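Chemist: Residue strings, one per chain:
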Amino acid sequence: MSVLPMKRISVIGLRKDRKAILETIQRSEAVEIDMTPLSGAGEDIFTKIDVSSSSQIFTKNADSAEKALEIINTAAPEKTSLLSSFEGRREMSVEDFTSNVSRREAIMKDVQDILRLEKELIQAKADIPKIQTQIEALSPWLTLDLPLSYKGTKKTAVFIGSFSDAVTEESITVRLSELAPEADCDVNVIYTSNEISSAVIVCMKKDADAVDNALRHMNFSRPPASDIVPSKLQEQYENDIKDCDRKIEEINGMLAGYAEERDDIRFIRDYYTMRADKYEVIGALEQSDRTFLLSGFIPAAAAPALEEKISSRFDACVEITDPGENEDVPVALSNNGFAAPVEGVIESYSMPGKGELDPTMPVAVFYYFMFGMMLSDFAYGLLMTVATALILKKFKNMEAGMKRSMKMFCYCGIGTMFSGILFGSYFGDAPTVVAKLFFGKDFVIPPLYVDPISNSMKVLVFSFAIGIIHLFAGLILNMYQAIKQGRIVDAVSDSLFWMLLVGGLILYGMTTDMVVNMFPGALTKLPAPVGTIGAVFAVIGAAGILVMGGRDSRNWGKRLAKGAYALYGVTGYLSDILSYSRLLALGLATSVISTVFNSMGQMVSENLVHSNILGALIGVILFLVIFLIGHGLNMAINALGAYVHANRLQFVEFFGKFYNGGGRKFEPFAVKTKYFKIKED
Amino acid sequence: MGIGTALALAGAASAALFAGVGSAIGVGRGGQAAAGVVTEDPNKFSQVLILQLLPGTQGIYGLLIAFIALSRLGVMSGSPADLSVGTGLMYFFACAPMAFVGLVSAMQQAKASVASIGLVAKRPDQFGKSMIFPAMVETYAILALLVSILAINGIPS
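Going line by line, the protein sequences match chains A and B.
Our numbering applies: residue 7 is where the first sequence begins, and numbers increase by one.
Our numbering applies: residue 518 is where the second sequence begins, and numbers increase by one.
Take these hints with a grain of salt, some might be off.
Said to hold, decoys possible - Derived lysine-lysine pairs resembling DSS-like cross-links, with alpha carbons at most 27 Å apart:
1) A:LYS85 <-> A:LYS671
2) B:LYS561 <-> A:LYS678
3) B:LYS639 <-> A:LYS680
4) A:LYS663 <-> A:LYS402
5) A:LYS671 <-> B:LYS561
6) A:LYS212 <-> A:LYS157
7) B:LYS561 <-> A:LYS85
8) A:LYS85 <-> A:LYS315
9) A:LYS671 <-> B:LYS628
10) A:LYS157 <-> A:LYS66
11) A:LYS409 <-> B:LYS639
12) A:LYS66 <-> B:LYS561
Hints listed in this document are in silico derivations from the structure and should not be mistaken for laboratory results.
The structure presented is a predicted model; accordingly, all values stated were derived computationally and were not measured.
For reference, chain A alone in the conformation it holds in the complex (with noise of 0.2 Å):
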């Protein structure tokens, strides 16, 4: 349970040795490098290196080989079972590295074809629409057995073209007749429709001139020239169709049988993203003509082995100091196996802030049985710790958040577990009603503590109990952190003073009737006298809070209005501790609804079971698919509302007593790939 200790880390080695040193950091995964520029003495001998260029090229490398795996997975998906997330990075030895490295340019132009060739399907897909529209610009035309530019013969002149509306044969001689009167026309109209009409006129070549100018205002416009006949223009269209099908299709099975190559590409993708990132690090580096510098920050307890490693192999200095005070010095956390699950709920809050403590272990205890409350049922628990124990056991190469959350959910199970049996339910009543439906028994597994839904009010005062042990823990932590960090009068007056005031209420508060009648059956009388003790207790924390709740400010009159406000506080406690009641609210719902499910297949199976020897298997198979398809519903909605508010009650009612977070994740210079591991010899 604690914050481990940062040591500041500085490097001054050859720029011969610079690629094998920041390997072995690499590898060592103990360091975060320092980018902020170097200040003071040396300014003028350092520089860095512009590498933008060149990481730039890397991370477009790798890239390229992301969307190429993405395109050979369209073309080719790959089958991959529902638990292979939780699978992980494959191990690569260090000579499998090296000879795939060899063949890196190889490997680089597969990735250009495969780019390349998703290009070509992209275009030919594009050009189908393209082709099927000059189809459809066709069909006015499809039934003339003349070329769209046909001019006419020696003698006579014809024109081929459309009108905008649909006309007849008549109106167009008409029109003709009262435009170019001396001519003599033939008109065939060939097609129309409410769009367009087209149509073939003849005419001699000596009246060609007065017809063209005619035609002109009449809108008639030409097709598109064309040396082929429409039909036979038609059939060559679609003969590009298809053409342009084939084409996809053998594309596709191109890029399928780049499939055998799948992993070759992943790991030329982790390779290059490998590379960016060392070469984002050497940008950050300050260089000098022979020399460079590179500082950063290391966990104390790693810092004399990796000092040893470097200085052994290289000629260079190595120097281990405490950050400076006001150093932005990131944060990691270090717990034991049981609490460390946990890491992830603190880590997505926010990381302990500069003199904080670790609340991780205490979060671990609350949580684990928080959530199993809000579970609250044996059989549930028991499937959560059987499953994710056992894909723990099966997939021993998990990615570390992965193997986090998995852990935190095999321990929210036992917590579950542990409910369950305290309130009595195995699948809801399932025993009890399997026991009547099929054996004509009367079974009942008593509960530990009470039946939650016949005693709810014992189970409300139960929660509400946890949950002012929950909020005296927040205070007393806040009180230790204030002592840890010398600040007597500040564990006093914000912690302290709360737990007298709070306790002393609540205390006084067992001893009246009006609280004890609140809760019938569940809350027994205290005796006068503790009454008065919590009575006392109250007083002096009130006084003490009102004294010193404002103390910031000199002024008595503000003081003590600011310590009257900080008084009102205590109504806030009031709502903290209401808020534990969906510890009851959750778990009944839970109960509640099994038993729903339950007590349908009763229903449904009752006078099949008691019929004959068919109706009861046809019974109990109802049963079983009720049972099944009900408890899986159950057990996903009430675990999601059990992790939400598990967090909850951590993030609002909890830390708002003694946490605020705002550190900074420690994040080491490591391989960050994204399929393969490289073993370490």
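With the hints as your guide, set chain B onto chain A.
Modeler: Relative to chain A, chain B alone:
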């Protein structure tokens, strides 16, 4: 069978009805926002799914109240008790907090959920915090649930 039983049944039904309607609206709104995020980044599916489901719990609480009331009324076992109008009204009002707070809180929670889905879309690392905003609204549904349970259990039978 008298008016009393009918009133009690109306109360039980309205808890499931209104809370269910609220959750249906809420989960629907969340789903629209979640689908939008998944079109851009399919990897966020599990995160936005959780946020979408948050306003869904009111419907379950409504079902819970309806079930407790129905089983106390004897409707589940097929022989409903004949209640006086007074007792019937008691059931009706006992179910009312869950019905109305369920309806409104689910719809309001959906707004917080949609906003949180937007948050996760831009800053996936803030998932832990994004879950808390909708969960704050749910507190009131839980309080209503509690009052309804306590009230139904307190009705003399």
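Chemist: For every hint, state whether the structure bears it out.
Modeler: Hints, one by one, checked against the model:
1. A:LYS85 <-> A:LYS671: violated (37 Å)
2. B:LYS561 <-> A:LYS678: holds (20 Å)
3. B:LYS639 <-> A:LYS680: Holds. LYS639 (chain B) to LYS680 (chain A) sits at ~22 Å (cutoff 27 Å).
4. A:LYS663 <-> A:LYS402: violated (39 Å)
5. A:LYS671 <-> B:LYS561: holds (22 Å)
6. A:LYS212 <-> A:LYS157: Given that 27 Å is the threshold and the Cα spacing comes to 14 Å, the pair holds.
7. B:LYS561 <-> A:LYS85: Status holds; Cα separation ~21 Å.
8. A:LYS85 <-> A:LYS315: With Cα atoms ~44 Å apart, LYS85 (chain A) and LYS315 (chain A) exceed 27 Å; violated.
9. A:LYS671 <-> B:LYS628: violated (31 Å)
10. A:LYS157 <-> A:LYS66: It is violated: about 57 Å lies between the C-alpha atoms, which goes past 27 Å.
11. A:LYS409 <-> B:LYS639: holds (25 Å)
12. A:LYS66 <-> B:LYS561: This hinted pair holds, its Cα atoms lying about 24 Å apart.
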